[in-house]
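> Residues per chain, in single letters:
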Amino acid sequence: MNLFNKKYRNYGIMVLFIAAVSTFAGCKDDFLDRELQGQYTLDNYPYPGGSGPYDQFLFGAYSSLRDFGVHSFAFILTTSVRSDDADKGSTAADGGANAIDMDNFPVQPSNGHVNTIWNGYYNLINKTNIALDQIANNEEIPAAPEVKIQAEAEAKFIRGYAYFMLVRLFGRVPLIDRVFEDPAAQANVPQSTPEQVYALIEEDLRFAAANLPPSWSPQFVGRATSGAANGLLAKVYLTQKKWSQALGAANMVIMSGQYDITTPYDKIFREDGENTSESVFEVQATASRQFPTANGVQYAPIQGIRGSGQWNLGWGFNIPSLALEAAYEAGDPRRQRTILYTSTPTTPGVTIYGEVTPVGLPNPRYNNKVYTNPAIRNTVGSQGGWWMNIRILRYADVLLMYAEAANELGMTEEALEKLEMVRNRARAGNNAILPPVTTTNQAELRQAIRHERRVEMGMEHDRFFDLVRWGIAEEALHAAGKTNFNPARDVVLPIPQQQIDLSKGVLTQNPNYN
Amino acid sequence: MKNYLLLVLCLFSFHVLFAQENITVRGKVTDASDGQPLIGAGVQIKGTTQGTVTDIDGNYELQNVPPNATLVISYVGYSDQEHPVNNRAVINAQLGSAISELEQVVVVGYGTQRKRDLTGSISSVSGQEIAQQPNVNPVSSLQGKVAGLTVVNSGRAGASPTVRIRGVNSTNNTDPLYVVDGIFQNNIDYLNPGDIESIEVLRDPSSIAIFGLQGGNGVIIVTTKRAAKGETRVNFQSNVGVQRVQKKIDVVDAAGFRQLYNEQLANLNAAPFDYTNYNANTDWQDLIFQNALITNNNLSISNSGEKTTTLVSIGYNEQEGVIKYDNYKKYIARLNQEIRITDNIKVGADLTGFHFRQQGIAGGILNNALWAAPIVPVQEGDRYYSMPSFQRAQVGNPVANINRTRGNTVDQGYRVVGSLFGEVKFLENFTARSTVYTSLGFNTFRGYTPLPFTVINLGEGGAPTEDFFNPLSRTSVSQSQSQGRRFQQDHTLTYNKTFADKHSVTALAGFTTLFTATSNVSGSRTDTTLVIPRDPNFWYLGIVDESMPMSTGGGGSEIAFMSFLGRINYAFNNKYLVNLSFRRDGSSIFAPGSDTRWGDFGSVGLGWVVSDESFFEGVTALDFLKLRGAWGEVGSALGFPANLYQPGAVIANRAIFGNNVNASVGPAYVPDPNLHWEVVRGIDLGLDLRAIDSKLSAEFTLYDRTTKDILTRVTLPGTAGDYEFRTNLGNISNRGIEVALGWTDQIGDFNYSFSPNFSYNKNNVESIGPNLEFQIVGNGGVNLTETGQSIGYFYGYRQTGIYQTTADMDRVATFPNSLPGDIAFEDVNGDGILSPADRTFLGTPFPKWNFGGNFTMGYKGFDASVDVQGVAGNEIYVERRNATFAVLNYEANRLNAWRGPGTSNVEPILDNTRGNNFLFSSYFLEPGDYFRFRNIQIGYTFGAMENLSKIGLKKLRLSLSGQNVATFSRTSGYTPEAPLSNPIASGADNGLYPVPATYSIGVSATF
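Those protein sequence lines, which keep their order, are chains A and B.
Quick note, the first sequence lines up with residues 1 to 514 if you use my numbering.
Quick note, the second sequence lines up with residues 515 to 1521 if you use my numbering.
Quick caveat, the hints were computed from the structure, so don't treat them as lab data.
Among the hints, erroneous ones may be present.
[As the list claims (entries may be wrong)] With a Cα cut of at most 30 Å, we get these calculated DSSO-like pairs of lysine-lysine: (1) B/LYS762 - B/LYS838; (2) B/LYS1011 - B/LYS821; (3) B/LYS1089 - B/LYS1011; (4) B/LYS1222 - B/LYS1362; (5) B/LYS843 - B/LYS762; (6) B/LYS1276 - A/LYS504; (7) B/LYS1276 - B/LYS1362; (8) A/LYS504 - B/LYS1222; (9) A/LYS504 - B/LYS1362.
I would like the entire structure built from these sequences, with the hints used as guidance.
Dropping the structure here:
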């Protein structure tokens, strides 16, 4: 065969062409099988063995505790600025209507902060649901039953906390307690009643309390403990006026032997006061030169002094109110520790580190409980204070919850004893101030405990919820000048309009909002 | 070459003396398309051998012409013309190309087709139209040229425009596919406008079906220049121009600011601001803008011999931004070579090298300049004044920002695109062609964070203080590199034959694969002890000791496509046209398994050339009439991430315990197990006609296109913030009309043409999902996508006025907290109160109407053209006015704020605590319609004059042009071209870069 014969050559070309195409076609499956580059999937993730095989999922939930939508601007506005502890702060118009409405009421359904915090807490819930799903269903991860149970308890603690925030902020919320097998079909869950939400919270926290360890090794300091679960459970019961259960849960914390009242009040809110024997649960944060913000939380920076240069420590929101300032008894050192004063031409404002604040800052008062150590600022190379832990639950809170429940149950002596423990520390050895409460009249003692709770925990985010559960929100907030507050509407936030829109109306608005 | 022709023709010409009554006729013969003289054109008296040829200027003189004779003027490649003399002494002629516009071929997928045989909607834009405009990116020049094409330009140096073909057909990526000489690309940023021969815009599903999974959004085919046949040619093109901001945004000056801020504080019952230290009146916009240079240059040399053709070209383009220090430079070199081994075998190669250098600008600088208070002075030496307390934390000094950002990056990129092909013709009718392509991109970036400037804080009361904005900040450097690799192979076999002079068949079978991969690495280090100098020579990671704080990152992706394709074009008697196409496409994006991984796409097109029917013979006014219809189904997976079916594990979240950092893992999203591509299906009906000696051309097209199975991210409402479920849901339709008209004529030496086009598109979301009640919101709820409306429409309250008095408020619907001075909204549902249920459709960000027009004229050496362009039927959200995070400078509209009953029925009271006034409403919308003089150009072409030809110059054209010289719009921003890049969150002006007016001069010379 002559290859140069035109006819043969033509057929040859055709055969070669077809052969070439067939060859390509033959390897088509190999060609199209491509792996993800530089990413694990949940299927091929090399799960670590050992004690915490589910930590990879749980840590995602812990991480979300630091999210902007969870414990940041919206959290500060909705819990603190709405209360009579604080005013908006910053400069008069800063933050716009979204921030100002939190101070003055009513909050609009379109308020971006409301949507942010809704998404933040549901994201947190979702991460706990993923962890619970992995614990229950992922057979690739070898784990002993007790390891599974402890991991489940940890996830349920965080989920219980998230729903407790949501139910107090919004009232009726959708109850999502698992990863849906068919997300599309079950995406749009209507709201449950607060009673149904509380039932899940109690179930989760009881499980957590029963199955979490009382403490962790130093490597994991700050992880959820049985004490944290019981302490939170006490607050859940207290909110529902379940006095004896609240007393029991608080008592579990007190009897655990993990906590005491020895940490000086001044130290509790310093960096070196993090995770002491006072601490029951804190949102953990840290910072370094390398990561000045990534491992921290934007909690302190939003409240830091709004000055310039050295005094540009933050946005200056959430300033202690005159009502809070007036609430302290004469000489109570907790006032100075809670309120950081701007210097005036006649009176210098002195920080806990001895610096003198400048004259002419936009506000006369700032939150002293988020004031950061200047030495750490220098080490980290940041003035923001992203490293500041958030004290969610501390021992004095548990003692006061115990006292409150005991008083309601008529256990006056028990109540007085726990109240005195708190006041005694506040005195810091100065017996001229804060005399012991001695009344055995239940109503008077109730007032005394409420007063103590306010001044002990000023600027610590429980005040609004306390006012609502005590039923005195209207009088207290009107007295503090927030006269727009309407108890028929403002005890809960509006359901975010964006969420109602997304659900195409399956979610319904809270009463008296439109 | 023409000179040789002249010589040859001269040898055959001769002169015959005639009687005295005969006259002498002279005139000039030019090319009708560009007015160029035709050298050596034949001029002959009809029916005789008497004639002459034109000289080097296209002039001729013919003596002894009988007054009643007819001249026949002819030139190779042009249609002959006959001119009765009628005793005229001067007869000029403009010769038109012999290949009528209908006979010209257009590039379609994997081949070409005569324009008259098309059954779909394909428009061509010539390279000349693209190169003429002073744009660094060739896509910019398509604006207004093609019916059904929306181009949104940005004035930012080197920016890629946003391109939409026939509206928005998905909630995901809706960019078209670019096919450059065969290779699939995501953009054509790397091409020099001067290197482009033509651009074809393929719009209908039948034309794009052959492109399979990547063609769903429409296809833009770019053909680059090849050596012209038969001559050695050197071509040099250059234009240089200056860009200017056409209009500034009208913000108040210092006096206006004082007035409005005082008023606002009074309305808030707040203490007045102490202006003692703030006495400046600064126009921040003036300080950040500049007149900016733009230049495009291209030199190409081509040669075409018997065996080989070669083209080499180099190009250099530079664009400065109208914002200071914004700069983009690109360098392009091309080599194209073709070797004909035998008559039937040819091979060729194409190589393009591209390099860019970019200087970025400070982020958000435009809003910064609009928002900064005008009462603050700029600087004192190298110390800058900081803003007053009410905006100090949020708004920086704009001049400090641009100066601090200036030159802090070394941002460069390289791209090499090459291909090799071999083509064999055999058995007379077969052509086999194989091409392998590669496109390699490599970008490097180095960045520097300088120390903060010293600021002077004037303060309120008291003396000014001097400070750093952040005294703890340190210098740092970052370095990153990324590479993209793209390999493609196409193998096609074409069969072309006409049977019995009636049945003409072209059949194509092909196989193609495409592999794309990316990888990137990045890092940064901060020096906590040393101050790294502000000098790019130091900006490498290694300059900082590795014990210092650092971070690194890296990632990559791989995607593969494989396809089998086929097409049959059949014509009977040139009258009845049938075009069929098919593609089977598989991709690694989708899960293995034949149902999910492989898809089949195809189209049917039918055409009827009515004017070729015998019953049409008597109709002389109409030269050509074709009816066409096409149906096609194509996939859309362009821009889908690699391995979509397999969510990666997110490991970015870290749990902290004490000071210990612990990594975590979670799924990025939840995939539907049957995730697949989007399906685009549509029909196209059209009518093409040419009439009045082909002076009039018209194309009318109706289309109806639907995308189904849209890849949707359902952010499970109520369940989880950013945790999303990805599935295929929903249908979106686009229906519309496209009209392109043309008129070309000449009157003596004067020729002109007018070609307007317009298109109308109606977008409708037919459904966003049958089994799921949800809506898709964008831009914080401003844009809503829901069944029965246009995609991403503006959803909010409709302003009816301003509440003037409490008595006024008793009569109309209000919010519970409404007050006089607030915006009054329409009670849409009529329940007597205002609530979120009163939000309604306020308009769409996408223009319903696009129109353009091109008017050209030529007279002897002069030519002129005017391009106009515009859109209508859309709205723009003036988002920059809805910022409430601090006290910001006011735009001039606020001077008319409500100050008591009867003062304004448009502008609400100055009080930013009145939240209702910041609800998204029609108050924040402006009509997006505009009409623009896109390009005005005049040029003069010097013919081959003696002195020019001495230096070998064949042609020289000089031109003056103005781009965007006038824009008529009702928007308050710099430009009415709001971004349309995100389908579900479009149309917001939140610091839009000005689209400048450009005045340039150009030169084009051919040797």
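> Hint by hint, which ones does this structure get wrong, listed from lowest number up?
none
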